[in-house]
Amino acid sequence: MTERLLLWFRARTQREQYLVLTGAVLTLLVLCYFLVVPLGDALESAKARHADAVIALGETQIRVDAVKAAQTLRVAPLDAPLDSVIRARANDAGFALASVTPQGSDRVEIAIGSARPGALVAWIAELEAAGILVDRLATTAGADRTVSVQLTLKAKGQ
1 MTERLLLWFR ARTQREQYLV LTGAVLTLLV LCYFLVVPLG DALESAKARH
51 ADAVIALGET QIRVDAVKAA QTLRVAPLDA PLDSVIRARA NDAGFALASV
101 TPQGSDRVEI AIGSARPGAL VAWIAELEAA GILVDRLATT AGADRTVSVQ
151 LTLKAKGQ
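Take 1 as the starting number for the sequence shown in the numbering used here and just add one per residue.
One thing to keep in mind: the hints can contain errors.
Pairwise CB distance ranges, derived in the manner of DEER restraints [claimed, not checked]:
#1 Ala53 x Thr13: 58 to 64 Å
#2 Val36 x Pro117: 49 to 55 Å
#3 Gly94 x Val134: 14 to 20 Å
#4 Arg49 x Leu133: 34 to 40 Å
#5 Leu35 x Gln71: 50 to 56 Å
#6 Ser45 x Gly94: 48 to 54 Å
#7 Gln61 x Asp144: 17 to 23 Å
#8 Asn91 x Leu133: 40 to 46 Å
#9 Val134 x Val36: 50 to 56 Å
#10 Ala53 x Tyr33: 26 to 32 Å
I should point out that these hints are in silico values taken from the structure, not numbers from a laboratory. Don't be surprised by glycine CBs; every beta carbon is placed ideally from N, CA and C.
Given only the sequences and the hints, what does the whole structure look like? Please build it.
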């Protein structure tokens with residue numbers, strides 16, 4: 001095959017040979033361009049994805065360490081029934097409880113008619129730090145930038 005191609009090339013005039021060589025060089029340059037440029041873009045994209053993954057890994061490791069630290073902390077047992085503790089803590093935080101329904105000795109279902117989301121999340125974080133965990137949480141947005149909340153809480157370790 002290469003012999004036939006060489007024969008065909010030599011049968012051309014010198015001007016035609018220059019044109020064929022120029023066309024071959026241009027074709028080779030275009031092919032190289034379309035092979036090299038996408039590889040460079042792919043490399044940049046891979047570097048960006050790697051950097052994002054490293055950041056995500058670091059954030060995840062911090063969260064895992066925080067969870068492990070929280071799990072090792074010993075929380076003092078509650079000094080009163082769970083529903084009484086929840087009522088007192090809600091009152092201290094300024095939340096008006098619409099209902100408090102004990103579900104056994106270790107769970108309480110509560111409803112809050114209206115609460116600011118930021119204050120609610122801070123209160124829930126305080127409860128969790130005290131060993132009272134959220135088992136179920138349902139919120140409904142209100143028109144005045146508040147939420148109504150249905151919460152099921154349980155004492156840690158019970």
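Each hint, compared with the structure:
A beta carbon spacing of about 59 Å between Ala53 and Thr13 agrees with the range 58 to 64 Å that was offered as a hint. The beta-carbon spacing between Val36 and Pro117, approximately 52 Å, falls within the hinted interval of 49 to 55 Å. The hinted window of 14 to 20 Å between Gly94 and Val134 holds, with their beta carbons roughly 19 Å apart. For the hinted restraint 34 to 40 Å between Arg49 and Leu133, the CB-CB distance of approximately 36 Å keeps it satisfied.
The hint said 50 to 56 Å for the Cβ distance between Leu35 and Gln71, and at roughly 53 Å that hint holds. Between Ser45 and Gly94 the beta carbon distance is about 50 Å. The supplied range of 48 to 54 Å therefore holds. Separated by about 40 Å at the C-beta atoms, Gln61 and Asp144 break the suggested range of 17 to 23 Å. Taken as a hint, the range 40 to 46 Å is violated for the pair Asn91 and Leu133, whose Cβ atoms sit roughly 20 Å apart.
Separation of Val134 from Val36 is about 55 Å and conforms to the stated range, judged on CB atoms against 50 to 56 Å. Checking the proposed 26 to 32 Å range against Ala53 and Tyr33 shows it holds: the Cβ atoms sit about 30 Å from each other.
The structure fails to meet hints 7, 8 from the earlier list, while all remaining hints are met.
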